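J.: Given next are the chains, with one letter for each unit.
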Amino acid sequence: MIFNASGCLDALEAPEVARALDVFVTKTVTPQPREGNRPVRIAETEAGMLNSIGLENPGIEALFADKLPQLAQLGAPLWVSVGGFAASDYAELCAALDDRPEVAAIELNLSCPNVEEAPESASEIVHAARRETRKTLYAKLSPAAADLQDTARAVQAAGADGLTLVNTMRGLALDDTTLQPRLGRETGGYSGPGLKPIALAAVYQCYRATGMPIVGMGGISTGRDALEFLAAGAASIALGTILFSDPDAPGRVRRELADELASRGLSTAEAATGLAHSQGPVSVA
Amino acid sequence: MRRRSRLRVVANEAVGPYALVRVERGDIDPGIPGQFFMLEAPGRLLPRPMSLCEAPAGELAFLLEAIGPGTRALAAVEPGEEIHVFGPLGNGFRLDVEKPLLVGGGIGVAPFPYLSQQLGGPPAILGFRSDWHAEAAALVPNAQVVVEPTLVTELLPKGHDVLACGPEPMLEAVRELVPDAQLAWEAPMACGYGACYGCAVEIDGVLQRLCVAGPVLEAA
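In the order they appear, the protein sequences are chains A and B. So in our numbering, spot 32 of the first sequence is number 44, and the numbers just go up one at a time. So in our numbering, spot 180 of the second sequence is number 1093, and the numbers just go up one at a time.
Bound conformation, chain A alone (with noise of 0.2 Å):
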C-alpha cells in the first residue's frame, strides 16, 4: 500500500494526487492552532532538502468542522498525525479521535525536529495515548536515536500497532556567499534520497526487533526504491519529498513496484516484505 508522508501532500489542494494513494496521512495536528515558524522554511541541498515548517497547523478543533468532513470525501482510507508538547497533549487527542468513525488510524509524530519536544518518553507517549483509543496506533519515530530498536520494542511494549518509519532529521545548511543557515530556524528537518540509507537501516533493524508492521519511508522516489523498503521489513511504504517533484509519483511508483514485483516472480507487495532478512520474516514475537 502507498501512502503520502505525513505534511508532504495537501489532499483538500490536491485532491487528485491524494486519491492515487491508498491511505491519506493529515499533517500533523496539534491541541491548538499553530502559524508555524517563521520564513525561510525550505532549502535544497546537494542530496536533499531540508525543512522547517514547525507544525503549522489550524488545531484539532478547526480539523474537526473544516477539513475532516471534506477529508472523508475523498474516499481514501484517512490517518490522523498527532502531535504535541506533552503526553497529555497526545491523550487528548487521542481521545478525541477515538468515536471519529472517517479516522482509520492515528499516529503519533514522536519525532518532529522543527519543534520542542516533549518531557516523556516515546513509549509514556504511546502509553498515555494507548488507553484514550481503541484505533490503530502507530508510532513515527526518528531515524537519529542511538538506541531506535529499543525504542521501537518500547512502544511496542506500550500498545502500539506498528510503527512509522523514518521521520527526517535534523540538519544544516548555509548561504553560499554570507556562510549563516539558510532557514529562519536555523536547523531543519532531512529528507530525500539522502535519507534513504539511513531509512532502510531503521526499517531493518526495527522489523527484527519487533516484527511489527511497519510503513517504511525516507527518500523513496522510485519503484525499485519501494521495492527495497518492503524488503528491509515495511508492510507499506510511503511517499514524502518525491510528491514535491512529481505530484503523478503515486501512480508512477506503484506502476514501478508492480512490475518490480513481477520480475522477480512475487504476486503481491506482501511476499517481499521481510526479503532482505537472511533467515526469511520474522514471526511476531
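Check the hints yourself; a few may be wrong.
[To be verified] Interface residues of chain B toward chain A, partial, derived using beta-carbon atoms under 8 Å:
{"hint": "1", "residue": "PRO955"}
{"hint": "2", "residue": "PRO960"}
{"hint": "3", "residue": "PRO1101"}
{"hint": "4", "residue": "TYR1106"}
{"hint": "5", "residue": "CYS1109"}
{"hint": "6", "residue": "VAL1114"}
{"hint": "7", "residue": "ILE1116"}
{"hint": "8", "residue": "LEU1120"}
[Unchecked claim] Some chain A residues close to chain B (C-beta under 10 Å, calculated; not the full set):
{"hint": "9", "residue": "VAL52"}
{"hint": "10", "residue": "ILE65"}
{"hint": "11", "residue": "ARG236"}
No wet-lab data here; the hints were simulated from the structure. Bear in mind that the values here come from a model prediction, so they are computed numbers and not experimental data. Glycine included, every Cβ here is placed at the ideal spot set by N, Cα and C.
Once you've looked at the hints, dock chain B against the given chain A.
T.: For chain B alone, kept in the frame of chain A given last:
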C-alpha cells in the same frame, strides 16, 4: 486545469543577462498572466517556480535569471532537451481593470509580455540595475525604462490600476503609493501546489502559503 508534462526545449535565447527558455506547449494550459509553473531544473531535486513570460502559438516561454543552482541549470538547457513542466498554478492578475499600468523591476518583468498581450498593450514602467539588464524591456510594448539610481516609484503617475512585479522593496514602495495595486510576490517553493508549506509569507498579518493564496495579491 493544471497538469504535468515533459516538454521539449525549442530555444534558449539570451536577453541581456537573462535567459528566455522556449518549450513546446504540449497539452499545458498557459493559464492567466501571473500564474506560474514548476519547471524541472535538470540535475536538481526540486523544480523551480517561474511565471509565464510569453505564450506564442504552440509554445510556452519563461524568462529567468541564473542566481542559484536551479536557475543556473535551467538557464543552461539546450534545444532538444526535455524538462517536466507543471502548471498553471496559483492565482494570476485580475484582468478586469480600466486603466492598467504595469510596474516592474529586474526579473520581475518576466510575466509582463504575456500580461501586456492580454491587456492590449498598456503602458509600463520598468526599472533595472543596468543598461544590460534593461535589454529585457524590449519584450514589453509601451515600456518606459529607468535605470538605477532612478526608481520606478519616482515616475509613478496617479489614477492607474497598477499591476506590479519585482523585488520586495519595490513592491512595498508601490503598495505605499498605490494601496489597491495588484502585486506579484515571490518565495522559495518546493512544490508549487500547497503540499510542502515551504512558501509561507505573511499576508494580512498571518503566514499563508504564497503558492495557493498568491502569488498575485491585492495590496491593502
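J.: Now tell me, hint by hint, if it's right for this structure.
T.: Each hint, compared with the structure:
Using the Cβ-Cβ criterion of 8 Å, the hint placing B/PRO955 at the interface with chain A is not satisfied: the shortest such distance is roughly 12 Å. A hinted interface residue such as B/PRO960 counts as satisfied when its beta carbon comes closer than 8 Å to some beta carbon of chain A; here the least separation is about 5 Å, so the hint holds. Taking 8 Å as the C-beta contact cut-off toward chain A, the hint placing B/PRO1101 at the interface holds, the least distance being around 6 Å. Look at B/TYR1106: its Cβ gets to within about 5 Å of chain A, closer than 8 Å, so that hint holds up.
Because the smallest distance between the Cβ of B/CYS1109 and any Cβ of chain A comes to about 5 Å, under 8 Å, the interface hint for this residue holds. The interface hint given for B/VAL1114 holds, since its Cβ lies 6 Å from the closest Cβ of chain A, which is under the 8 Å cut-off. Because the smallest distance between the Cβ of B/ILE1116 and any Cβ of chain A comes to about 12 Å, over 8 Å, the interface hint for this residue is violated. With 8 Å as the threshold, the beta carbon of B/LEU1120 comes within range of chain A, its nearest partner Cβ sitting at about 5 Å, so the hint holds.
For A/VAL52, the interface hint holds, the least distance from its beta-carbon to any beta-carbon of chain B being 6 Å, beneath 10 Å. For A/ILE65, the interface hint holds, the least distance from its beta-carbon to any beta-carbon of chain B being 5 Å, beneath 10 Å. Hint status for A/ARG236: violated, given a least beta-carbon distance of 17 Å to chain B, over 10 Å.
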